[in-house]
Each structure stands twice: as structure tokens, then as C-alpha cells.
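Novice: Got two chains here, each in a separate frame; can you build the complex from them with the hints?
Protein chains in written order, with our numbering: chain A, 431 to 544; chain B, 1234 to 1349.
Hints listed in this document are in silico derivations from the structure and should not be mistaken for laboratory results. Ideal Cβ placement from N, Cα and C applies to all residues, glycine included. You may find that some hints are simply not true.
Stated by the list, open to error - The calculated lysine-lysine pairs, modelled on DSS-like cross-linking and capped at a C-alpha distance of 27 Å, are:
id: 1; chain 1: A; residue 1: K487; chain 2: B; residue 2: K1236
id: 2; chain 1: A; residue 1: K487; chain 2: B; residue 2: K1336
id: 3; chain 1: B; residue 1: K1336; chain 2: A; residue 2: K433
id: 4; chain 1: A; residue 1: K501; chain 2: B; residue 2: K1330
id: 5; chain 1: B; residue 1: K1330; chain 2: A; residue 2: K487
id: 6; chain 1: B; residue 1: K1330; chain 2: B; residue 2: K1236
id: 7; chain 1: B; residue 1: K1330; chain 2: A; residue 2: K485
id: 8; chain 1: B; residue 1: K1336; chain 2: A; residue 2: K501
id: 9; chain 1: B; residue 1: K1236; chain 2: B; residue 2: K1303
id: 10; chain 1: A; residue 1: K487; chain 2: B; residue 2: K1271
id: 11; chain 1: B; residue 1: K1330; chain 2: A; residue 2: K500
id: 12; chain 1: A; residue 1: K485; chain 2: B; residue 2: K1336
id: 13; chain 1: A; residue 1: K433; chain 2: B; residue 2: K1271
id: 14; chain 1: A; residue 1: K500; chain 2: B; residue 2: K1336
id: 15; chain 1: A; residue 1: K483; chain 2: B; residue 2: K1336
As the list claims (entries may be wrong) - The following residues of chain B were derived to be distant from chain A, with all beta-carbon distances above 12 Å:
id: 16; residue: E1292
id: 17; residue: S1306
id: 18; residue: N1309
id: 19; residue: Q1316
To be verified - Examples of chain A residues lying across from chain B (beta carbon under 7 Å, computed):
id: 20; residue: L473
id: 21; residue: F535
id: 22; residue: P537
id: 23; residue: G538
Each chain, letter by letter, is given below.
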Amino acid sequence: DVKVTQSSRYLVKRTGEKVFLECVQDMDHENMFWYRQDPGLGLRLIYFSYDVKMKEKGDIPEGYSVSREKKERFSLILESASTNQTSMYLCASRGTGTLAYEQYFGPGTRLTVT
Amino acid sequence: AQKVTQAQTEISVVEKEDVTLDCVYETRDTTYYLFWYKQPPSGELVFLIRRNSFDEQNEISGRYSWNFQKSTSSFNFTITASQVVDSAVYFCALSEKRSSYDKVIFGPGTSLSVIP
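One chain only, chain B, in its complex shape (with noise of 0.2 Å):
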């Protein structure tokens, strides 16, 4: 069965300090491609990053970094520093190949709050 796991409902950090959100997936696939989406106070999902099954670099993108590990079926999230402009959900997804269309699933969210 296909699941995305967040096990982490809320977070709360001070800001400046680091933190990191944990996605675990399940897939029989070898093809597949994994996203995270950050989710404000206004509402919209904003993508963040997509990563495939077949390229477990590590990517940095300013204070943000991914960790793929497939051995371990997981695709870490790092704030480094975190800011009060971080403050929102955060979804991990999991996008594989059916018969006829790509099915997304979406992990529950964490919500993180940044204090100052």
C-alpha cells in the first residue's frame, strides 16, 4: 500500500534555531518521485521540491536541505535558522505511476511555529 507518513503533528522552535521534519514513505514501485509543500497562514500550498527514486543526493536550497535516504524509505526536511516567516503546514507527498494517471498521496502535515 502506498503511505506517507509525518509523524510529527506540531513543532514548536525558537527562531534561529534549527529544526527538521520527518517523512517516511511506503511504495512497492521503483519509480517514483517525492515532493514537500509548505502551506502559510494564507492558505495556498507553495511547492518546495520534488526529488525522484533514482537520485538520493542530498539538496541544499539556502536555509533548506533534504535528506533522501532510500534504504530507509525517508525524505527529512532541515530549516536551518529557522525564521517566524517559516510558520506554517508542511506536506511531504509521494507521486507514483497507475494504469492511467499519477497518483499523489499526501502525508498529514506538520505544523511548525517559529518563535521569536
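So that you can see chain A by itself, here it is in the shape it has in the complex (with noise of 0.2 Å):
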């Protein structure tokens, strides 16, 4: 089975903090993705990385970046936390190849920027 871990499910941050999220798999997946999750605008993305070191802007990628220096590991990396970043973060990987591959979900860690 595929696992994909996310390195809290519950984090508590104050404004102006650099937070850093964690997300590894163990299927040996060259994509992987970051989403934050809001109600009633379902899952937005935020960054994806195709390839160790590279990555592609998502939809939206303001207040946010990342770092693969991992095959198995794609950080993400809030610079300066500010509360409208308080959401449900989730991390994704998939194999590469055709459209058609399924997304694998981490449990998502909820983020509170007080």
C-alpha cells in the first residue's frame, strides 16, 4: 500500500512564524503535490514538483513555497504566517506517466495562524 505522511495532523502557529509541513511516500513517486483544502472550495493547489529539485507553481502559490531535495519528501514552506493561511493542508504523490494515475492523499494537517 501506498503511504504518504504528513508530519503533524495538528499545528498551531503564530503570525509572522515560518512553518515548515512535512509530506513523505514510500511508493517512489515522481509527482507529488500540495493542496489546502477550504470549505466550499474544495482542494486548490498550491505547489507540485514533478522531480527531485523541480517544481511548478499551482493555482495558488502566493505566501507559500517548497523544497524536494528528496525523491520521497516535498516540504512546504509557509515564510511568514498570516491567518487567512489557517486551512487543511494536504499532500498528494503519483506515479508518473499517463493521466490517468490516481492521487495518493497524506491525512492532511490542519493549520491555525493566530
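Specialist: Pasting the structure below:
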């Protein structure tokens, strides 16, 4: 079974803090994704990576950066957390190839910025 | 523009009732894939089904069935004889090819509550 793990289930940070969200997958997948989930908006793509050290902006990259130094690990960084970044953050991975591949998701990190 | 609409925000049904979750999509591509995911209260999205744009056959898996109709750009999901364990948020998603990656768009989700 594919396993995607995220470093924390719940996180509370203060405005202005630098926040690191870590994601690790164990299936040697090339593609990894970071989404945020907000009520009524579904999942919105923040960043994704299709290879080590490669990254692409998603639909809402502002205020975020990412790092992929190793294939299995994809980190989301909030350089200076703000209250509007309070959300559920979901990491996902997918194998290379066709459009047909489904994504495997981690359990999510619920981040609260106060 | 690529878009996925799930018009039903929340649905409540009594156990053993049938329920249909609607999904309507927009795309200009001829090759694409559609997915359904389930997000139970634990939070982890779970893949349920994929359908490619060239295969309009309906699919049944146990109590779950899916109706894909290209003519109406819809990919609806029906749960027969619902159970409490079906309570979850369900997401429809569309996957299209872009120049260097496959873009996936998720709908806003439908929250299903099955009442015992």
C-alpha cells in the first residue's frame, strides 16, 4: 500500500512565524502535490513537483514555497504565516505516466495561524 | 476554462435510502480522466474510481455506481442502500494534459450524512 505521511495532524502557529509542513511518500512516486482545502472551495493546488529539485506553481502559490531535495520528501514552507493561511493542508503523490493515475493522499495537517 | 461543479453542498439521507451525487465538468480537451474521491471524517482522501473520456460505460462496484454522460458533461455517483459508513465528503475531479504536467481540478465537494 502506498503511504503518504505528513509530519503533523494539527499545528498552531503565530502570525509571522515560518512554518514547515513535511510530507513523505514511500512508493517512489515522481509527482508530489500540496493542496489546501477550505469549505466550499474544494482542494486548491499550491505547488507540485514532478522530480527532485523541480517545482511548479499551482493555482494559489502566493505566500508559499516548497522544497524537494529527495524524491520521497516534499516540504511546504510558509515564509511568514498569516491568518488567511489557516486551513487544512493535504499532500499527495502520484506515479509518472498517464493522466489515469490516481493520487494518494496523506491524512492532512490542520494549521491554525493566530 | 477547466472547471468541476458539484452543486450539492450537503446532503442528508436516512440509512438504506439511495442517494446520487452530481458532478458536472467543463473541458476543451478530448482526452481527459474523471475521478471520484471519498474523504471520511479521518481526513484522508481515498480514491474510488477513474473514468477516461472515451469510455462511457457505466460502472457498478457493490453499492456504488457511476453514470458518465459526455453529452451532458456529467459524471454522477450513486450509492444504493446507503449506510452510516458512507458519511463523508465526496470529491469529483478532472485530469487533463498540459504541456509539462497533468493538471487535476477538484470540485468543491459534497458532504453526505447518512442518518441511522
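Novice: Which numbered conditions among the earlier hints are violated in the structure presented, ordered from lowest to highest?
Specialist: Going through the list in order, the structure violates no hint and respects every one.
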